[in-house]
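Participant: Starting from the known structure of chain A, arrange chain B on it as the hints suggest.
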Amino acid sequence: MDKIAQTFDRLKAKNEIGLMTHVVIGYPNLKTTAAIVEAMVEAGTDMIELQMPFSDPTADGPTITKANQIALDNGVKMRDCMEMMGRLNEKFNIPFLFMGYFNLIFNYGYGRGNSYGVAKFCRDAIDAGASGLIVPDIPPDEAQEGYLDACQQNNLHPISVISPNISDVRLHKIAKVASGFVYCTSRTGTTGRPEAIEFDWLNTFLTKAKQYIPVPLAVGFSLSKREHLERLRGYADVAVVGSYMIQLFDREGIDGVRRTVRLLKG
Amino acid sequence: MNPKMITTMPDERGHFGEFGGRYVPEMLAPALDELAEAYEKWKNDEQFQQELNDLYRNYSGRPTPLYFAGNLSKQLGGAKIYLKQEGLGQTGAHKINHALGQALLAQKMGKQRIIAETGAGQHGLATATVAAKFGFDCTIYMGEVDVKRQATNVFWMRQLGAKVEVVTEGTKTLKDAVNAALKDWMWNVATTYFLLGSTVGPHPYPTIVRDFQSIVGVETKQQILEQEGRLPDYMIACVGGGSNSMGFFNAFLDETGVQLIGVEAGGKGIIPGGHAARFQGGRLGVVEGYKSYFLQDDDGQVMKTHSVSAGLDYAGVGPQLAYLQQQKRVQFVYATDNEVIEAFRRLARTEGILPALESAHAVAHAIKLAGQLPQDKIIAVNLSGRGDKDIFIVADYLNDQYWKDFCARYSEYGLSGEYDG
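Chains as they are written, first to last, in numbering that gives the first Met the number 0: chain A, 0 to 265; chain B, 0 to 420.
Hints are supplied without guarantee of correctness; some may be wrong.
Only pairs whose alpha carbons sit at most 30 Å apart, straight line, appear in this in silico DSS-like list of lysine-lysine [as the list claims (entries may be wrong)]:
no., chain 1, residue 1, chain 2, residue 2
1, A, Lys172, B, Lys42
2, A, Lys172, B, Lys40
3, B, Lys303, A, Lys65
Which stretches of chain B does chain A cover? Using the computed rule of at least three CB atoms under 8 Å from a CB of chain A, they are [claimed, not checked]:
no., region
4, 25–33
5, 178–186
6, 287–295
7, 316–325
Computed far set for chain B versus chain A, every beta-carbon distance over 10 Å [claimed, not checked]:
no., residue
8, Lys42
9, Glu225
10, Gln258
Hints in this document: simulated from the structure, not taken from any laboratory. Ideal Cβ placement from N, Cα and C applies to all residues, glycine included.
Pulled out of the complex, with its shape left as it was, chain A reads as follows:
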């Protein structure tokens, strides 16, 4: 059984809501990214998304956008992202997912050997031990890019990202290709910003989504407190804390990240 399925089974047996945290590879530098991940794992996070830095992160708010830029300014390449994924999987047994924008995958490996692109990326990602991919700008309409097929052939979960404003028709479409879990944003907008989340409205949507979607649901965007996780219990299987982790690191360093992951896990 794959690591993601194992994680959800374990969470279910303990009746726990899971926690997925997030780092940008190379922020503030490669060495510290690895140290942040180590602290998160020690403190009990269930999964981690490793974001591959991109020049044009359209779905991200200011915090993660800036982290992307700093990582790129540090000279972080896709090669470094693959190496990081490999090293972390040798060291830790939780699921790691690659998060990033489609152009990085579409052009992966260009200029190195004859073949490049989606299939090559998926092969290298599974070799490095990745459990899944979170790519916000490849909705089901453009599935013909070979993305879903390449994921399937390589046993990588292509994690769909949805938002509560989705139409029933499109929800059906996503349900058909859902694999591993589905990532639902808590609202529209970009990542970050400590907005008050309308939990009643969100949970009503999650209840509806569950009827369609045969895999677990993760919820992210603007989550930062244990209380948020409690509110989602029974509606979502995993809570995602992204921008807040970077803000924490900036303010309180790795110790702050470790302490907060412990608090979030309760």
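Facilitator: Leaving out everything else, chain B in the frame of chain A:
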């Protein structure tokens, strides 16, 4: 190539061959569906067309003239050069065409707020203008680099009542302004119309902008037939995202006897980071919601671009133009900054016309081409905008001492008695 294929483009998912499409976060899907649906509903509506034509004519000043540049043609000694004078319309550039069309669409859709990105500021200016006219709340996103080099347009946008948000992320130019506007849209997707300013972005934008701009080519066709009794041999337009070129070319795509030429920004020459010529060293990619050619590094990171003209300083190119290049229907060349400034000065002195630096790229290529052609050939150039906005850039480029002195005195004393020049 089957010409019919071109006129019926794109397919229903917004693909021009392998280009285009809609690569956006799922949360934007409802808004793009709503937009595509509204556009399908209104585009052939008779009253909508009447209202738009009235705006084109009485608000913007269409049709714009097609002017025979006799002096320039004579000086070059070759083909006859005609200039489509888009710079004579309201706001001084072709951007007003799609701004009016989209504002009318936004009104029909019941939106109260419009947002837009801008590079040179001409699209921002056109958007701020239509927002004032239609009574929309308006925010314009503009990269910090462009804000600095196009300060006059920033000032005018604010006078028109728009809020100008300075974008300090990434390369601080047009692509980053597009990203910032997309992000605003994600937050305000229910109330806001994103008035995109070029034939780029996710479907249906490349189609909507092209269609509202196609009036330029339709008029040109009629005017050249009136003046010459035949179609031109060559049509030349500058290409940033593609709004003026697609508007100019669209009515001629099936006229295979007319050679269509797009001129990209060659900047300081074709060196990495020194230009914005996507067909010189660009590669297929998926960025900002569409698939096309982008200037990018081996990893797929979008590269810094450079052009003397802010409006062409963009790493991507409209998907339909990428398709037309692949099908060899449109030929792409480039003009360097030096050639562009030279063309600007030449047109000013021979014809008394100050072209926008964007449009001066097209003029530069026409100058190169005309002399090589016999006198019975005809070239039509889209002069997409006028050059008033470029006063600081041109003066700086020419290192003009008079202007530098004026600016120094002005910043010290304003327009008080100290200044007598």
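Participant: Confirm or reject each hint.
Facilitator: Hints versus structure:
1. A/Lys172 - B/Lys42: holds (29 Å)
2. A/Lys172 - B/Lys40: holds (25 Å)
3. B/Lys303 - A/Lys65: holds (17 Å)
4. 25–33: Holds, because 5 residues of the region 25–33 of chain B bring their Cβ atoms closer than 8 Å to Cβ atoms of chain A.
5. 178–186: It holds: at least three residues are needed, and the region 178–186 of chain B offers 5 whose Cβ sits within less than 8 Å of chain A.
6. 287–295: holds (count 4)
7. 316–325: violated (count 0)
8. Lys42: holds (22 Å)
9. Glu225: holds (45 Å)
10. Gln258: Nearest chain A Cβ is 32 Å from B/Gln258, so the label holds.
Hint compliance for this structure: hint 7 is the single one not met.
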